[in-house]
Amino acid sequence: MKKLIVILLLAVTGYFLVDSFMDLGRTGPVVETGVKDFYLDKTVSELKVANTITSIVVNFRGFDTLGEVTVLFLAATALGGILYKRRHHVGERSVLFPSSPIVRAGSKLLFPAIVLLGVYVFIHGHLSPGGGFQGGTIIATGFLLMLLAYDNFSVSHNVLSFIESFAGIFFVLFGFAGMWAGGTFLENFLPVGTMNNLFSGGIIPIVYILVGFKVAAELTGLIYTVLHEKES
Amino acid sequence: MENQMFEILRYGIYGGSISLILIGLYAALTKRSLIKIVIGLSIVDGGIHLLLIAIGYVKNGTAPIFSPGFENAVDRMVDPVPQALVLTAIVIGFAVTAVALSLVIRLYRHHHTLEIDEIKNLKW
Amino acid sequence: MVGSPVLLIAIPLLAAFMIPLLGMIWKELVRIIPGLVLAFMMISSASMLMYVTNNGTIIQTLAGWEAPWGINLVFSPLTAFLATLMTFMGFIVWLYSYRFKRNVDFEPAKKYFIFLMMLVAGAVGIVITGDIFNQFVFIEITGISAYALTAFYTGRNSAEASFKYLLMGALSSSALLIAIAIIYSQLGTLNMADIASKIHLMPAGYKVTALIFFMMGIGIEAEIFPLNGWAPDAYTEAPGPIGAAFAGIVVKAGVYAMVRMVFTLFDVSGAMDILLTIGLITLIVAETAAIRQEKLKRMLAYSSIGQMGLVFVAFGIGTLEGVYAALFLMLNHAIIKPLLFLSGSQLVFNSKEKLIKEVNGLGKYMPFTAVLFALGSFAIVGLPPFAGFWSKLSVLTAAANEGMLLIIALILIVSVIEIVYYFRVVNRIYFFDKAEDLIPQKPRVNAVIAMSVLGAIILIIGFNPDVVSTVLHNASADLMDTPQYIKNVLSAGQSLTN
Amino acid sequence: MIYLIFVIFLGGAALTWLSGKIHPILRDVVFLASLIVPSVLFYMNVEVGQTVSFSLIGYKLSWGINYLGYLFSYIVVGLGVLAGFYAIPAMKGKKNLGFFYSNFVLSIMSMLGILFSRDLISFFIFWEIMTWSSYLMVVFQGKDVQKVGIKYFVFSAIGAYAMLMAIVIIYSLNQSMMISDLVSSFASFDPTMQWLIPILLLVGFGVKSAMMPLHVWASGSYSHAPMAYTSIFSGALSKMGIYGMVIVMVSLVPIIPEGFWLRETIAWLGAITAVGGTLWAVAQDDAKKLLAYSSVAQLGYIIVGVAVGTPLAMLAALFMAVMHGLFKGALFMVTGAVERQTGTSNFTEVTGLIRKMPWTFLAALMSIIALAGIPPLGGFVGKWMLYESLIGSSHYILVIVIFFSSTAAFLYCYKFLFGFFLGQEEKEWAHVKEAPAMMVVPMLLLAFGTFVLGAFPGLILDPINAGMQEMGFASTQGKYWEMSMLFNEWGDQIMLQPILYAIIAVFAFFAIFLTIKGFKKTRYVTTKDISSSGEVPLEHENLTFSVNFFQPFLRTVEPLMKRQIDKYYNEFGRGMEALFDFTRRVYTGNGQTYALYAVIFIVILLMFKNTLFGL
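First to last, the sequence lines map onto chains E, X, L and Y.
Take the first sequence: its letter number 21 is residue 21 in our numbering, and every next letter is one higher.
Take the second sequence: its letter number 105 is residue 105 in our numbering, and every next letter is one higher.
Take the third sequence: its letter number 227 is residue 227 in our numbering, and every next letter is one higher.
Take the fourth sequence: its letter number 372 is residue 372 in our numbering, and every next letter is one higher.
Think of the hints as simulated: they come from the structure by calculation, not from any bench.
Examples of chain Y residues lying across from chain E (beta carbon under 10 Å, computed):
1. L596
2. I600
3. V603
4. L606
Derived SDA-like pairs: lysine to any residue, alpha-carbon spacing no greater than 20 Å straight-line:
5. K42(E) / Q83(X)
6. K95(Y) / F368(L)
7. K123(X) / K295(L)
Cβ atoms here follow ideal geometry from the backbone N, Cα and C, with glycine treated the same way.
Construct all of the structure, not just a fragment, from the sequences and the given hints.
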């Protein structure tokens, strides 16, 4: 009965959603020139960044990104807080089955490659698809692999929180530096260089690298915390 | 022909994303297990992200990246803004899911069950 | 003018990232730093409020891009007023909980203060931002802090409350994203002022669908019926000061967001009536639910929801007077309800179940706390000469000027119900005998200071409401004047460059 | 000067509370000072017509006193100060006295404030301060607070909010809060509002003056407050309702077309109040409850007078209002004194106190005579004028009802007097002593006041006259009391003087007779001293005279009494709470249901968006 009601309700919602979105591709937006044209224009002409998405994420809407990394930071902190127990047995895992030697050997081989790929992705975030979030996530996957393969593999919480905090602090400090140098928070105050060079785009790659570090550290921390959660 | 393809694609993407939203909502509203509810919410998130990406699509679009060779493709570039928004939204969705799962763990610790009907000590 | 609007966000973020490191140096810093940050935010926004009152709106562009393209912060009389109120309340809550959390382990305590600070920063962000997606991000910051704070105590049902909150919060963010998607797909912009200037181009059907999804998304934060199921649970299970913070800070941000949508962004004719109706239903359902509660904080929570309903009723009247009354109500509610939460949680501090009947006879043992609770009760039901009376009067006058006699009657009937349940508690505090096994909790000095500041404000506003009327008048005029808002925001870039 | 009075009151209230924590004597001194100093300042320095104005969040407020207010101020201040003196010994030894006294001061301040208010906002503010300060007094002793206290507050709140609704409507029509503006522009309001505003205001005032069917709070609240406070609660505070009613009835109701029916309804409600109050009073065994219902009944007379609204009726009503303040104040003080000395106020327990507490008895006797309306005391004058005005305005049935009620009032008068003071003495009360002088003197003064006003009604009729002229009663003769056949133009009686002297002579004779008789060897018996009948009563049997005092009478009127409105209110309240208990179950506690609500919410809005959003 309840399911029927839910299906009916969802059908109505779905109808209106379809009604709102289906026409879009056909008629297009009512306002032809949105902010995107400005972004596409300025990314090339002023920021000298190839990846428009990166320029939007880090520069035009950099404030959002700052909020976003804060959300991630808060989630990591919240996870620790919610799962906090007074007697915290470090080193004991809930996932204790032994991995096969193949997985272990393979992980050991893959781990550096994964980390390297992650670093590559966030360093080249302003040039090619990718960026801090993506790279950070890839690195965290490497750590997840290691954590699953080796039940004695551990990462230092302190190191993680150092990385987390420093990356965050520097992000905000870059914002302040922009304010000091250019007048507004997070302003791109460094020389932008030439398009499609690794060292171009002013603070954009730097900030994205910071974001990459932060995301990697936080995701690893999250995985680590949850892996150490025991049924009681 | 090209137009037809585009129409099909359009229906596929919009219809697919909206169905994802509805499926996720259905799971969140009817499933008894907390984990399944969280999964449902994640599916809703996924659907919405797809929807956001879809609204930025233009016919024969290309990625909004000015790689060598694509410097003059501005007209064909898809809208980069929704992609940036989705990047943010994914991270936020991930954060919320992580918190939700940790709460599920806490609830399981406390109630020794994952049935949402049995977890209502607070009511009225 | 001390600082600029962006510091209200950036400084707490910086502090939040630094606290884990500073905590390694000296543990007490994790308690002190948030207080300093909140104090800074309070002073800064208060001084900017004064600046704004004299010199007009501050528009802060970010990352060097002008208004429709970059994100911008709008520090207008309205947002300045709300930001000042929120940061002040944040500071009070910090002051109250400074030593309250002494008996908690270091790790949770650290997190508690980080989350408290981010709760305030997120709420301030919701208010001062000029971009709908940025607002969404701040809603999530506030949300995650709130989930974590709700689940702060282990061993209670706090996880359950937090999970419900999170479930609703997730739905809220989904709805917001859908609404943002509709708006962006039609208008190609995310800036509030830009949207407001172009919204008339949008087909009415899409516009209303977007508004409905916004209403649902923000309505969950603003505790309107029937989206407020999470609220009583979260208020009850969160630590006492956090209940105060929810009532004084988070909800206010939600209400602001809702009102900004309806008044500025959308030019939909029926929206005011919807607001009015929803407000009335919320008011009636919540207040009638409050009368039969057994737990003190749950009762306060329902009362808080009801007051928010009243705020929406006042906004829904739609005139300048209505807005003025609504802002006045928000101000009073933001002062009084935290006082009730703070003193109330002090009253039930040592009881296990936090039941109303466990406050019996505590008036003798905790005279100061009890007096403040009684003062809060008197004020919230709108007895003169306390603060609540003036806001209630202004709501009624605004409604009467529009000829809404039935609404006046309903508000007053509900007020009678409110009187019944508040005075039952006050009677219990003073005229019943204390349970033998209950040990009264003597409030600490910082808690006493925090509560008496609130009490003093109630008396000051009660005896001379004119101390706030200028600020409120400016704020309400600011909310009503959409063209001016658009002009302020969209011309800020030009004025910045030359 | 006007500000100063209120500042002293407020500061006095705060200081009283604080000094209560230091030393009791200091507290008593501060308390009396904060009552007396502003009162003296008021009578010395404030002239009628002198006003101060200021503005608060856009409302223009104005304070000043007029003749009508001046008249009521006599009741408030006079009774307040006397009750203040009385309170000090009466309340001795109780806890939280600082709180009690500061509320006492606040009550007096708020009542004076009501009289000073020339605008509706300050009127309402003082009204509410009066309400909550009196509420705190009702619950002060901590008995039945959840029932009696809440009932009082809920009814007060209903009244106050009805008034507030009227006030905001007036403001929306007039854009002015001044009472004078209301009166001058009331004629231009549209007819619905002309009906709605007075009715709402009357509900507000009717609650405080215990008009049927809004009286149910009265008995419990009057009897639960400390007697020292009840004397002003019943004597002065209820008169604030009368004060407001007078303004409405004189200034607004005559303007309404067909307003005649409103008058008649109120008059009949007053009459029913009088009858009902009297009957219930007769049935009571507790002096406090008896007096409480008696207050309700007396206020009913006053309401009848106000509602009928001819000059003579108004004169009678105002005179009775003053009178009621005097004798009811005294009677509650008497009850308080008896309760303090014996520990109970129940007739079935206390008897034969006349020899133990003679002065208290004297005060009680005089007040009871005044209450019953026996000449030569003041009560008679008021009742006479009321009858005369009712007959003069052809309200014959009303006269009969009122007459029935005031005859029945003799029953409870007798019961009160007899129950406490006459009858056999019980051993249990052998040790009882006269109350302290500080309690006896205020009540004797009040009782003597009834005597003075009975002999020289002109003393109070002059201010009443001034007040009525100010309200615009068209006067042909100059002084309204000339319309009554009772008075000559000086306002004292001529016809009464012989009667007065005769009665004084009778009193003197009886006093002498009793004294002489007292010298004889008199045998005082107890209730158990009935051995002559052969059956020796058991120890625990209550043979006090007052047990089942008026049983035959009560049996007769039982059908009338059974339909207590109180019951319906209680049923209603319980029903509402049950309903609320049911509705709050929408919060099922299941997070999924809440999510479902959210979806339902959005679906409803989406489905009806065309109608809801006016597309």
